[in-house]
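We have chain Z; now place chain B onto it with these hints.
2 protein chains.
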Amino acid sequence: MKHIQLIILIALSFKLSAQTNDSIFIRSIYNEALSNGQSYEDLRHLCKDVGARLSGSAEAQMAVEWSERTMQKYGFDKVYLQEIKVPHWERGTKESGWIRTKKEGLIKVHMLALGGSIGTEGIMEGDIVEFKHLDELKKAKRSQVEGKIVFINQPMDQQQINTFKAYGGCYAIRGNGAVEGAKLGAKAVIIRSIGMPIDQHPHTGSMHYEDSIERIPAAAISTEDAEKLSQLLKNGKAEFVMEMDCRVYPDATSYNVIAELTGENANEIITFGGHLDSWDTGEGAHDDGAGVVHCLEALRILNVLKYKPKNTLRVVFFMNEENGNMGGKSYATWSKEKGEKQIAALESDRGGFAPRGFNCDGSNDFVSLIQTFAPQFKQYDLHEFEKGYGGVDITPLKEAFPGIPLFGFVPDSQRYFDFHHAPSDVFESVNKRELELGCAAIASMVYLLDKNL
Amino acid sequence: MKHIQLIILIALSFKLSAQTNDSIFIRSIYNEALSNGQSYEDLRHLCKDVGARLSGSAEAQMAVEWSERTMQKYGFDKVYLQEIKVPHWERGTKESGWIRTKKEGLIKVHMLALGGSIGTEGIMEGDIVEFKHLDELKKAKRSQVEGKIVFINQPMDQQQINTFKAYGGCYAIRGNGAVEGAKLGAKAVIIRSIGMPIDQHPHTGSMHYEDSIERIPAAAISTEDAEKLSQLLKNGKAEFVMEMDCRVYPDATSYNVIAELTGENANEIITFGGHLDSWDTGEGAHDDGAGVVHCLEALRILNVLKYKPKNTLRVVFFMNEENGNMGGKSYATWSKEKGEKQIAALESDRGGFAPRGFNCDGSNDFVSLIQTFAPQFKQYDLHEFEKGYGGVDITPLKEAFPGIPLFGFVPDSQRYFDFHHAPSDVFESVNKRELELGCAAIASMVYLLDKNL
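Sequences listed follow chains Z and B, in order.
The numbering used here numbers the first residue of the first sequence as 940 and each following residue consecutively.
The numbering used here numbers the first residue of the second sequence as 940 and each following residue consecutively.
For the record, the hints were derived by calculation from the structure and aren't laboratory data.
Don't take each hint at face value.
All copies of an identical chain are treated as equivalent in the list; a pair is satisfied when it fits inside any one copy or across any two copies.
Under the rule of at most 20 Å between Cα atoms (straight-line distance), these lysine to aspartate or glutamate pairs were calculated in the EDC-like manner [unchecked claim]: (1) K1024 x E1004; (2) K1104 x D1320; (3) K1173 x E1069; (4) K1071 x E1163; (5) K1176 x D1074.
In isolation and in its complexed conformation, chain Z is listed as follows (with noise of 0.2 Å):
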């Protein structure tokens, strides 16, 4: 007997003492990101020398150039990137919107195309149909919307606490929107855009068509227009005029920008990243350039604090999750058919807000191990370490390796949707030592994951 109890005080006194070597590592990458951080300066970058970066456009080239530019001047094991093909739409030069009246007469709105839309040929102009929500456009009369432009007016529902939740309540209207309409014969279809303040941005974001059904024109309108287009149809009849020269292009080429620190199982991989690309609105600030520099960042704090991984830790930054998400696709399919075995998956793309925890995609075990890391992050600030989403550019790694969890960083949600896809979705919206924290978090994570795994 005594001896089991000795080896049980032995095995415990380890445990204790490996959590206090993790308790002190991890404080070192906390003063690393608060003091010396360079995420910040790196995000300034992104936004001000290259800006908004949409999929096959020059300044997506340029962001991928940016990118391997300085992970190079950080001195990581390998950078490197991975070609692939991406979608390639541009919203042209012409984009305008007026609200017509008998009373009033135009009224000029803030709208922006959705993401992948066609134009209008033109100036094109009709009758106003307004619903309330998807669904009571799906079970409107042929008769009440042929020939009309149709108006989405679904409000993000404030009462969520997760404004997550509520944007996963009205994504089906920017989704499906044109093809519900162009069902019952509508002209066009413009939404209110799914944002959380009644304010003059308008937000865009991918929207589809189906082969079958027609393509018509589709934009969204910001919040504060939509409220007065509601309250002016309440006085009668209103006619929108709309002018938008967006069109697709053949794909081009373009590249997943890739990042090592080389672990003792050189082929044991732990990818963790955020996608490169954004909306053409803005400057792609919180969405998702905090999510690249948040994982840079955790990289190259590892490599400054000389830390010697036992897997690989990669960083992607994924290219075209914004409309099509081929850098996600390619990665998970080109890791496989390299034969690497990924071990776990990590993903930064809910913007650079104070940072809460971390959602697990994956088995129980999983949230059960991140739940033992819960207490490590206690005095920073972090307490959700649940089951949740891990992020779209990782998800394909789910088919490509079985079993595989996933991570989602989760920072605080209550502004993501003030600048999510909008024109206020620049540098001065990001916070510098809210950046920083989530820093230091994903890098914590990556370390305690390698450990652990």
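Relative to the frame of chain Z, chain B by itself:
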């Protein structure tokens, strides 16, 4: 035995049913705050129609008028003023500072007199002597300091996760810098602003003199200017040139503004509030416009939901927290003299950011009590329920009502010292949802305290 089991079972089911009722009521509080909230528009009025409101100013008087009118509009049981005397200091119309070096010539700095400082009586100039810490100044020789302008360049500690701890480490340079400088014969003291970011916003705040020590002017320059000045001093001598005509006026009459929902036990009071005064720069949006509208909205919500309180729920907009705390002190004395029984007090004075929890300045029983509330707050993303500070305004209640528990609302601290006492503390720096979530958290806490005390 069976009887006892039955009694326990009944008791437990009552408890569970009470928790369910609480849960439903708290959800209705959040729904009201998020869907019909008035706090953001109230804050807009306070910031834009009143503005910065230092004790004794016309704006402070307009703030009293606005507050009383707004409380009356919401139809509370009682709305009234408590007359008090407050200090009256004014910045005046002259406030300029320059660095002068042989090589660079004149460089204008972003400067604010510290609250309470005397003026310079025309242009003041002198050689600059830099100290990196208040303790360095304290240890300096008279010959190093005499006849010079002391520059205390102590940065906030970026490595503190809670920014209020970093503030605590710097507070004394603002409060005591002039006294410590004057002891060694300094002409004036300029401090590095107590702000987290490196930017061009100077941060003011209160300073004090001691009767036996000569009074010298004291001002804060922006962190960016402080960095620049420190750099210049590495290359050689620099002079500082300044003019300020700030001065102290005779004490003024002012008011705490009070609203109540009368409780079943009318004389047992739960006080909650923030401070109505602010520094005279920016608009006092986070400090403490957010705090007063938090509490006003909490009472409005409880009233709208027809909650019948057990105790009297009293919102107090305290005057003069920033430079004297005469509102807080007078309130405690006045309440005691009236023979009231203050059973708990809560303050919001840490900005309008996303809620994280509540601190308790009280016995362990009260800390344990709020920890039993924690599960009710989990779904609303509050997780900190610990011993800690209540607030400046409510602290005098501790002496007047021994044993009273004080509660401090804890929002996320990361961005607070971007704005604190600076021109950047304007309405636009407050996020609507974050503000509303704070109102709901406070209303829920006041509700739970009322039911459990």
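Hint by hint, here is what the structure shows:
{"no.": "1", "hint": "K1024 x E1004", "verdict": "within (17 Å within a copy, 64 Å between copies)"}
{"no.": "2", "hint": "K1104 x D1320", "verdict": "between (22 Å within a copy, 14 Å between copies)"}
{"no.": "3", "hint": "K1173 x E1069", "verdict": "within (10 Å within a copy, 67 Å between copies)"}
{"no.": "4", "hint": "K1071 x E1163", "verdict": "within (15 Å within a copy, 50 Å between copies)"}
{"no.": "5", "hint": "K1176 x D1074", "verdict": "neither (22 Å within a copy, 73 Å between copies)"}
Of the numbered hints stated above, the single one contradicted by the structure is hint 5.
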